[in-house]
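Chains as they are written, first to last, in the working numbering: chain P, 1 to 187; chain C, 1001 to 1186.
Warning: the hint list may mix true and false statements.
As the list claims (entries may be wrong) - Here are some, though not all, of the chain C residues that point toward chain P, as calculated from beta-carbon distances under 10 Å:
1. I1086
2. V1109
3. K1122
4. I1132
5. V1139
6. L1161
7. D1164
8. S1165
Keep in mind that the hints were calculated from the coordinates and are not lab data.
Virtual Cβ for every residue (Gly too), placed ideally from N, Cα, C.
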Amino acid sequence: MALPQKIQRQFSPEEIQFIAGNEFISIIPNFTLDKMEFIQTSYGPFMPPLQAQVPLWLAVALKKNRKCSIVPPNWFTKDNLQALLQNEEDHDEFAKVPFHYMEIAHMLIEVAPDEIPDIEHIRKLLKDIRECRQRKTRDLLGKVDGTRLELHNMSRMELNEIRPLFSAAFNEMTKLQFLDNQDEVME
Amino acid sequence: MSSLGDEYYDIDAILAEHEKVPGRFNDSVGAELNLTGEGVAVPSGTKVELPYWLAESLVEFYQRDETLFDMETPRIYNNRVRNAIIAGPTSVDTRRIHPYFHRLGIKFVQKFEQEQLAQVLKLSFRKRLYMILDHAQTVLNTDSSHFTRKLDETERQLFKLAHDSAMAMKSWQSGSKPLLQSAVSY
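Could you build the full structure based on these sequences and the hints that come with them?
Structure (C-alpha cells):
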C-alpha cells in the first residue's frame, strides 16, 4: 500500500471525529421545513419550537449557518460530568462513557459554545476525565500479558489512540508467552 | 523455515542475529570449512564466538548423539544483567547492553526454551512499556533523545508509535489542523 505508515496503523483523530458525525443529536431549528431529503434517508420535519433529531454533522452545518440551536446531550452537563469524574476517580475500572464522548464534546465546544452553560467548567472536567482515563490506560498496559486484553468501556477515540502501541506490545508479549502455555498443557 | 517467518527482509532481524555468541565445537571440523581464512582445522573442543544465526543452525546438527556445537548463553543475558533488570527494570540502559536486546532475547528464549530468562524479559518489557507510554503521553514537544537513548530498537519503535498517537491527539484537541477536506488538485 502506498499510504503512509501512520495512516495504515490507525485512524487519525479527525477521521474518528468524522465518524462520530453520524451520532444523533437534538436541535431546535429556527426554520420550518417538511423534511430534508438525502440519498440514504430524510430528516425532519423541522417545526420550531419543536426539537428535531438529526445527525451531528447536519446539526453542525445548520448551526454554522445559524439555522438552529443545538441541545447538548444529557451527559454533557456540568453536574453529570462532575459525577462521571467522581465515578472515574473512585474506581479502578473505566467508567461507562458515551462511545463517542470525546469527539462529540469537541465538536459541541467548537461550534456551539454559546449554548453550553458553564463551558469553562465543562472543559476542565473533560480534561480531568481524560487525564484520569489516560492514567488507567497506562496501568492497563503495565498488565499486558500476551494472552488477552480487557478494554471495557473505552471510547472510540481512546481505542484508536492506543491501538498501534497496544497491538505491537501485545505481539511482543505473545512471543514470550509460549512457555507458559506449554506448562499449562503439561499440567 | 519457521524461524525466518516474515523476517526474511527485516533488516532489524538480520542485525539482531548478527550478535556473536560463545560456544564450543564437539567435533573436529575440517580446514576447508574454516572460513576465517587461517586454513587450519578446528579440533573438537575449540571455543569460538559465532554470529547467532550461524550458531543457532549449527546446534541442530547431531553427530554420534552429540550436537556438533554447544551454544552458551550470550553474554548480554548473563546473571549480572538479569539481576540488574530484576532490581530495577526501568533504570537499565538496554541499548548499551545491546541495541537489539529484546529482539535477540526473544529469539534465544524461543529457540532454547529458557524459562527463567523469559520471565526476566517479560518483567523488563512490561515495566519499561509503562515507562515508555508514560513518557510519550506526558512529555510532548520536547527533545526526548535523552530518553530514547536508553531504549533498545524494539522499545524505540514502541515509543514512536505512542508518541505519534499522542501528537495526533494533541493537534486534534488544539484544533490546529483543519478537518477532513477533499483533495486539492493543483
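Evaluated hints:
1. I1086: violated (16 Å)
2. V1109: With a minimum Cβ separation of about 7 Å from chain P (threshold 10 Å), the hint on V1109 of chain C holds.
3. K1122: With a closest approach of 5 Å, the K1122 of chain C hint holds.
4. I1132: holds (8 Å)
5. V1139: violated (13 Å)
6. L1161: holds (4 Å)
7. D1164: holds (6 Å)
8. S1165: At 5 Å from the nearest chain P Cβ, S1165 of chain C passes the 10 Å test, so the hint holds.
Against the hints set out earlier in the document, violations occur for numbers 1, 5.
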